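Spelled out, the chains give:
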Amino acid sequence: MEITLNHYLVLSTILFAIGLIGVMRRKNLLMLFFATEILLNSVNIGFAAISHYYGDLTGQMFAFFIIAIAASEVAVGLGLLVLWYKRNGSIDLDMMSTMKG
Amino acid sequence: MIEDILLALPLAIVVLGAIVLMLISHFPTVSLKKYNLIAVFFLVCAFILKLTQLDDSNHIYLFEPLFNKMFVIDTFSNLFDLLFLAGAIVTLLINTHYFQERDYYNGEFFSLLLFSVFGMMMLSHANELVTAFISLEIASISVYILVGYNKNSLKSSEAMLTYIVLGALSSTFFILGTALIYGVVGSTFIGDIYSFIQNNPTKEITMLIVALMFIMVTILFKIGAVPFHSWVIDVYQGAPYPITMFMAATFKIAVFAIFLRLYLIDFTHFYDIFSKILQVVAVVTLIGGSWLAISQNNLKRMLAGSSIVHAGYLLIALSSIGLGAEFAAPAIVFYLMSYFLSAVGAFGILSFIAAQRRRRATFDDFKGFSQERPYLAAMMTIFMLSLAGFPSTIGFLAKFYIFLSAIESGQIFLAGLGITVAFISIYYYFKLIALMYFYPTDEEPKKFPFGISSSVIFLMALLTIWGGVGTGWIPFLPGVDTLVETAKEAINSISVKPY
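Read top to bottom, the protein sequences are chains A and B. Residue 39 in our numbering is what sits at position 11 of the first sequence, and the numbering runs on without skipping anything. Residue 485 in our numbering is what sits at position 419 of the second sequence, and the numbering runs on without skipping anything.
Okay, chain B solo, but in the shape it has when bound (with noise of 0.2 Å):
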């Protein structure tokens, strides 16, 4: 019972910190500043609890007697619930001077996102799948109030009401599929459902894969893969800067920790199927992105289409999940973390920039933006290289696993279009860093602004190179290999069922 609480601790603290946060955003002579640093202090609390606990507990069940195997704790969620505490910690810091220039923050948007983080945590824990459709629901709404945060705009109450109105819909699929489930299985754990299958091969078959493929709408849905990414650009460009970081580095995270615990114990009996449902979805993912990616002028709306394209690749590896490459799985928890890395950082410089000056970024404001600030240039160029999988990056090794995965389960023509996006990506990155350095521009060199958000920001550019050369290069510093090791422990964790 002890051990459970203290499990439950970090999950507790975040809670508890939207509520103290709700709770204070009622006197308006706290400052916006304080309000971020009491969010920051719960977030960092749970972080740190988390980290202690993130080797020593091997698939319990939180609060057994009580809530029988609805939680579970394992190092694969704990992993995650590390990534989405350090995605939220970052978000609120780089953003810092954003909060402060904008006048329509207060103190229940820290309150609100501090409540999405908890959804998103109970979403990597959840073993149930009613549980992980309210989970994802606390995150999703949460997300929904945020996007529309700034009434004034009409583009942000645009985008709330798309995404509203289509997430809505969508996660009824989820349900629907949820209650399919039960009525052929009688229960909604997902041991049970695995065992039901091993148990009964034929029985109500098609329903189960009818259900399974509800599921999986809801999920390609909230990832934005190409049948149902319309939703995507328009609602990060909506979105304020802070937000479009968040959804596009935490929340997409969180619905690949679902996925690939679903993927990894229910669909294991129909991989043959999904796995093709899967390959055709990947195809058009790559496709339909890079072509959106490249169509747009404004940078937001092209790091949105850029990230429906990453949503491509890790499913190509989901698809050489089912088609036994061994190493697909940890890949795709290696992708996340390196896609998080580079994406807070790319988001991060852009809302650092439109902190300080009111215009949008399309690609012509960063003409000559290396002479302006030489330091952020630089470190926008490490994102987008990151990004496009240049060598000497995380991204690139993230993508190098992802493609052997492709190869080793024999998908040579899915590896090949991926190579072959990879080098189209190339075009929109690389167009921003031409912009950036082989212009002149009339601006005044600016110094290095020194700061909380400036050096988050060149922190994360500093593990983005890290994790691409420092490969046990440099003595006493766990090299990227950990980043490896941890990812493939954390699946292990989920494949050795104890059902």
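Excised from the complex, chain A in its bound form (with noise of 0.2 Å):
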């Protein structure tokens, strides 16, 4: 069988709804940080395929640069987990209880 434009825009999609479930679903903070990172890796996938099947290129930069924003994302998100660690001596999101608005 032959994988085409749209074999790779499902898996896409796929990995997009695992992302999305896993940032509703995730308690531990890091596993949420993990979740946001899977949903913008397959929004890459699809920059990647597309941009194949059109044979330009811009979109293959494209990833790149999402690919950096993920990094800068994660690299602040994971500052905060380390001083949230450092607090409370766990990264559960159920210990967020001083605001409730």
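Think of the hints as simulated: they come from the structure by calculation, not from any bench. Values in this document were obtained by computation on a predicted structure and should not be read as measured data. Mixed in with the good hints, there may be bad ones.
Taking lysine to aspartate or glutamate and the DMTMM-like style, the derived pairs with C-alpha atoms no more than 25 Å apart in a straight line are [unchecked claim]:
#: 1; chain 1: B; residue 1: Lys-513; chain 2: B; residue 2: Asp-431
#: 2; chain 1: B; residue 1: Lys-221; chain 2: A; residue 2: Asp-122
#: 3; chain 1: B; residue 1: Lys-221; chain 2: B; residue 2: Glu-167
#: 4; chain 1: B; residue 1: Lys-513; chain 2: B; residue 2: Glu-167
#: 5; chain 1: B; residue 1: Lys-221; chain 2: A; residue 2: Asp-120
#: 6; chain 1: B; residue 1: Lys-135; chain 2: A; residue 2: Asp-84
#: 7; chain 1: A; residue 1: Lys-114; chain 2: B; residue 2: Glu-174
#: 8; chain 1: B; residue 1: Lys-217; chain 2: A; residue 2: Asp-84
#: 9; chain 1: B; residue 1: Lys-269; chain 2: A; residue 2: Asp-84
Reassemble the complex: the two chains are provided individually, in unrelated frames, and hints are given to aid placement.
Structure, rendered in structure tokens:
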């Protein structure tokens, strides 16, 4: 069977759904950041596949930019995670309860 | 080429300032005041340069051989750049005392703030969706860090956590929408998308609508419209005062910059669908925001709730654009300017007071404030009146134009709801005024604290009043008409489509 653009797009959608469920269901902060990584990288697959389909390199270039953005977002998140762990001794989301709004 | 460099110079100055501040924050001897001065110096340089370029550039692409058409320079983006720069300058100047009173500020704070301003400026120039995404992220990631800047406060870290998790989630929708558009159109330039829909009115239309909806989800999240508002109040409360001010007054305007550009160009062919969506969102935003604002006891939280309501008014105007109100788009720009003035002033006074006494600013803390500090109380009253849209302040004119455009486009229900909500908002704004003036206090009356912070707040109050009454009364001074004209010109500069 030949793998076409549609297969890649379906894969991208499935990964996006996995990431979305991950962000909603996970209570562990580290897992939350993993889930956002999955979300962004699923879009990367889409970009790369479409760019291959059109035979135009721009999409693959975008994928690199998105990787950089995902990395910087997680870098900030991990910094916060370290701070959070030092204070609470756990990285569970349920510890968040000071403000109710 | 030389002209391009000149036009790019304000952006370059801001990013250069950010890097310089980052480098010198390595030396422990530099005082906070100096950091502040350096940051303000760079911003003022960029501001003056931008001011000279406001009119003379109409639709030039920045470094076209290099970047293709990714960056556009028109009056619209220049005007928004001016607003961001002014927002950052005013934020830094008003909070001079606040920075010195707290022990957690250092050089990197100013560097991050400048990076955030740089991201916003890029956002207003972006003419391509991935560029817009990257600049939105530059601005947001800096703001994420700034929100959690008070490491010692649990609230601040928690606010940052809420914001970063939800913000990262929401921004993935933007890039997903971009990927879908790239799949259909084969390009992500805003103009190319427009001409693709123009030339192929039926091809893959559902996909494009879904993609644009994903993009709108991100934007509605960032402006805190109601289905996506759950983060606003907590984040605004947890963030340090300067950052709350920066987010409410400047960051929100930045998101509207890209939203307006997209809505006026790419959404053109789908106005009938998106106007309906925006109408529904505007209704729930107005009602939900008012309910949130009424139920708060903390002033910061109340202002956060009221900022949701203001986003609702702006959404009314956005939906009227699609239904053919000619003045709706300039009305949005004008409303953003007026909201900027009043919000900066109101948050400025809060942070000015918070710098001096270390307690929460609840409504009760303001009992008898007029006897303690009569001038500050008077200025706070002006800002509250302007936020409520009371005549003779700039807020009234702004709301007037919004409702006018809603009626012009035939949305009588939305205009009526908007006016009702404006009446409801009088409750929570006037509660503060009543508390300030009609209660006694034990505190000794204090002198007017002359300084940078108070004079900048005074200037904001003056501008708020001038925007409401000074239309052509005072000779040799441009009236508020100038602002409206500038807003119109700015919108014209994107509506002229040489794509």
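The hints, checked one at a time:
1. In summary, the hint linking Lys-513(B) to Asp-431(B) is supported, as the alpha carbons are separated by about 19 Å, within the 25 Å threshold.
2. Restraint check for Lys-221(B) and Asp-122(A): the C-alpha separation of about 14 Å stays at or below 25 Å, so the hint holds.
3. A threshold of 25 Å between alpha carbons decides the hint, and for Lys-221(B) with Glu-167(B) the separation of about 19 Å falls inside it, so the pair holds.
4. For the suggested pair Lys-513(B) and Glu-167(B), the alpha carbons sit about 20 Å apart, so the restraint of at most 25 Å is met.
5. Under the criterion of a C-alpha separation no larger than 25 Å, the hint pairing Lys-221(B) with Asp-120(A) is consistent with the structure, at around 16 Å.
6. Distance restraint check for Lys-135(B) and Asp-84(A): the Cα-Cα separation of roughly 17 Å lies within the 25 Å cut-off, and the hinted pair is therefore satisfied.
7. Among the hinted pairs, Lys-114(A) with Glu-174(B) is consistent with the structure: their alpha-carbon atoms are about 22 Å apart, no more than 25 Å.
8. With a C-alpha separation of about 46 Å, the suggested pair Lys-217(B) and Asp-84(A) falls outside the 25 Å cut-off, and the hint is violated.
9. For the suggested pair Lys-269(B) and Asp-84(A), the alpha carbons sit about 21 Å apart, so the restraint of at most 25 Å is met.
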